[in-house]
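Oh and the sequence shown: position 226 is 226 in the working numbering, straight run, nothing missing.
Just so you know, not all the hints are guaranteed correct.
Cross-link-like lysine to aspartate or glutamate pairs, in silico, EDC-like; alpha carbons within 16 angstroms at most [unchecked claim]: (1) LYS348 with GLU423; (2) LYS285 with GLU297; (3) LYS141 with ASP353; (4) LYS223 with GLU270; (5) LYS266 with GLU416; (6) LYS223 with GLU423; (7) LYS429 with GLU297; (8) LYS383 with ASP324; (9) LYS348 with ASP403; (10) LYS410 with ASP319; (11) LYS261 with GLU298; (12) LYS335 with ASP403; (13) LYS341 with GLU270; (14) LYS341 with GLU423; (15) LYS293 with GLU314.
With beta-carbon atoms standing in for the labels, derived distance ranges [said to hold, decoys possible]: (16) ARG2 with ALA216: 28 to 34 angstroms; (17) GLU270 with GLN68: 40 to 46 angstroms; (18) GLY129 with ASN400: 19 to 25 angstroms; (19) ALA216 with GLU19: 37 to 43 angstroms; (20) GLU314 with VAL4: 30 to 36 angstroms; (21) ILE77 with ALA216: 42 to 48 angstroms.
Don't read these hints as lab results, they were simulated from the structure.
Glycine included, every Cβ here is placed at the ideal spot set by N, Cα and C.
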Amino acid sequence: MRMVDIIEKKRNGEELTQEEISFFVQGYTNGEIPDYQVSALMMAIYFNDMTERERADLTMAMVHSGDQIDLTQIEGIKVDKHSTGGVGDTTTLSLAAMVAACGVPVAKMSGRGLGHTGGTIDKLEAIEGFHVELSNDQFVKQVNDIKMAVIGQSGNLTPADKKLYALRDVTGTVSSIPLIASSIMSKKIAAGADAIVLDVKTGDGAFMKTLEDSEALARAMVKIGNNVGRKTMAIISDMSQPLGYAIGNALEVKEAIDTLKGQGPKDLEELCYTLGSQMIVLGGKANTLEEAKRMLEEAVANGKALEVFKKFIEAQGGDPTVVDDPTRLPQAKYKIEVASKHSGYISKMEADDIGIAAMLLGAGRATKESTIDLSVGLVLQKKVGDAIDIGETLVTIHTNNLDIENVIQKIYAHIEISEDKVEAPQLIKGIITE
């Protein structure tokens with residue numbers, strides 16, 4: 001088998017066999033096939049797409065390129081959740097505890113964030129003492145005991161995906177649906193879950209900016225999951241404005257705690273209940289989404305979800321008293337109120353640029369080497385559709401540095417106020433099950 005023949009076949013729009021896909025993935029991972037040949041194939045895939053079968057074969061070839069996590073010792077149906085990312089996306093912290101409190105095991109492997117704010121692990125590390133290094137035995141025992149654990153990604157999980165992603169990044173092929181879908185799904189499948197719930201974001205602050213592209217990606221990932229024997233479904237959720245009010249690591253942990261107390265932002269709560277209901281049905285603990293939602297609401301109302309979160313923090317070395325006293329989380333030195341220059345209604349909040357404003361404070365990483373300041377960030381005081389008076393606070397900046405004029409100007413430039421009332425965007429844009 002020759003790589004040049006595989007390139008020509010896909011260039012001509014033909015379907016690759018499972019053997020051909022495995023040959024190039026294995027050869028590239030092992031260093032036997034050079035970058036320039038795989039770059040040519042990636043571009044051919046970009047222009048000619050892949051069939052459902054090819055996408056599933058590519059995903060599984062990447063899964064088999066490295067380690068796979070064995071979760072068979074964990075009791076019950078293991079359900080994983082993945083978000084395609086966004087601004088203020090605190091969902092995992094609240095959602096995992098809610099779902100675990102309903103008896104569905106959440107054995108989560110998460111990464112660090114590159115961009116607006118940290119990933120789930122960075123957020124959790126805002127809790128003093130919290131660590132994500134657990135042995136496989138500790139991980140399994142913790143999920144069996146309290147139904148919830150979050151660890152860092154294994155060094156040798158889907159090495160093919162790491163190499164292919166780095167190559168796509170410099171060859172203009174990042175936005176190819178089959179390549180994005182197989183990249184995401186290979187990591188989820190290698191992480192050992194029985195079922196997968198996907199939160200595909202759409203809008204200004206999302207990777208996919210249009211609803212059409214978001215639906216295409218969601219459908220591609222759901223089909224891959226179902227084709228390789230994992231129950232998979234996706235919801236498409238709005239990211240035209242930040243989710244919730246907090247953007248920044250410690251600030252988002254506080255917002256997650258508020259949500260577990262039933263005092264969180266309505267959009268974050270709605271997203272947790274929507275995703276959580278799907279997870280509970282897939283996990284076999286409820287027959288209908290309505291029943292599952294009632295279980296989640298009850299777990300919040302009776303304090304069980306909050307108790308699970310506390311036990312989870314303690315089990316992984318963190319200070320559980322932050323749940324009762326969030327001031328124990330890292331605090332920025334200064335709080336600066338950004339006042340509205342106009343009266344009217346919030347008509348637009350460009351999530352991407354507001355996220356960048358938080359990153360400029362130090363809440364996220366511009367490069368892999370950047371150090372995150374866990375205490376800084378932004379807290380929105382208004383969202384799209386809300387009325388505001390001149391002089392009223394738009395955003396509170398949490399910062400350790402007073403040289404932030406660029407952040408203030410970015411906030412003003414990317415929050416629009418109109419005279420006419422604008423409706424808040426619909427949060428859940430669609431549900432895809434096949």
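Evaluation of the provided hints:
For the proposed pair LYS348 and GLU423, the alpha carbon gap of about 10 angstroms is at most 16 angstroms, so the pair holds. Simply put, LYS285 and GLU297 have alpha-carbon atoms about 15 angstroms apart, close enough for the 16 angstroms limit, and the pair holds. Annotation: proposed proximity of LYS141 to ASP353 is violated, straight-line Cα distance about 42 angstroms (limit 16 angstroms). About 26 angstroms separates the Cα atoms of LYS223 and GLU270, which puts this hinted pair outside 16 angstroms; it is violated.
Among the hinted pairs, LYS266 with GLU416 is inconsistent with the structure: their alpha-carbon atoms are about 22 angstroms apart, more than 16 angstroms. Simply put, LYS223 and GLU423 have alpha-carbon atoms about 34 angstroms apart, too far for the 16 angstroms limit, and the pair is violated. For the hint pairing LYS429 with GLU297, the CA-to-CA distance comes to about 22 angstroms; that exceeds 16 angstroms, so the pair is violated. The suggested pairing of LYS383 with ASP324 is violated, with an alpha-carbon distance near 27 angstroms, which exceeds 16 angstroms.
With a C-alpha separation of about 26 angstroms, the suggested pair LYS348 and ASP403 falls outside the 16 angstroms cut-off, and the hint is violated. Between the alpha carbons of LYS410 and ASP319 the distance comes to roughly 35 angstroms, so the proposed pair goes past 16 angstroms and is violated. Simply put, LYS261 and GLU298 have alpha-carbon atoms about 11 angstroms apart, close enough for the 16 angstroms limit, and the pair holds. Under the criterion of a C-alpha separation no larger than 16 angstroms, the hint pairing LYS335 with ASP403 is consistent with the structure, at around 13 angstroms.
Between LYS341 and GLU270 the CA atoms are separated by roughly 31 angstroms; this puts the pair beyond 16 angstroms, and the hint is violated. At roughly 21 angstroms between alpha-carbon atoms, LYS341 and GLU423 are farther apart than 16 angstroms, so this suggested pair is violated. Pair hint LYS293 plus GLU314 does not hold up; C-alpha atoms about 27 angstroms apart against a cutoff of 16 angstroms. At about 32 angstroms, the CB distance of ARG2 to ALA216 agrees with the hint of 28 to 34 angstroms.
In this structure, GLU270 and GLN68 break the distance hint of 40 to 46 angstroms, their C-beta atoms being roughly 34 angstroms apart. Taking the beta carbon of each, GLY129 and ASN400 are about 22 angstroms apart, inside 19 to 25 angstroms as hinted. Under the hint 37 to 43 angstroms, the C-beta atoms of ALA216 and GLU19, about 28 angstroms apart, miss the expected range. GLU314 and VAL4 have their C-beta atoms about 57 angstroms apart, which leaves the hinted 30 to 36 angstroms range violated.
A beta carbon spacing of about 28 angstroms between ILE77 and ALA216 contradicts the range 42 to 48 angstroms that was offered as a hint.
Hints 3, 4, 5, 6, 7, 8, 9, 10, 13, 14, 15, 17, 19, 20, 21 from the list above are not met by this structure, while the remaining hints are.
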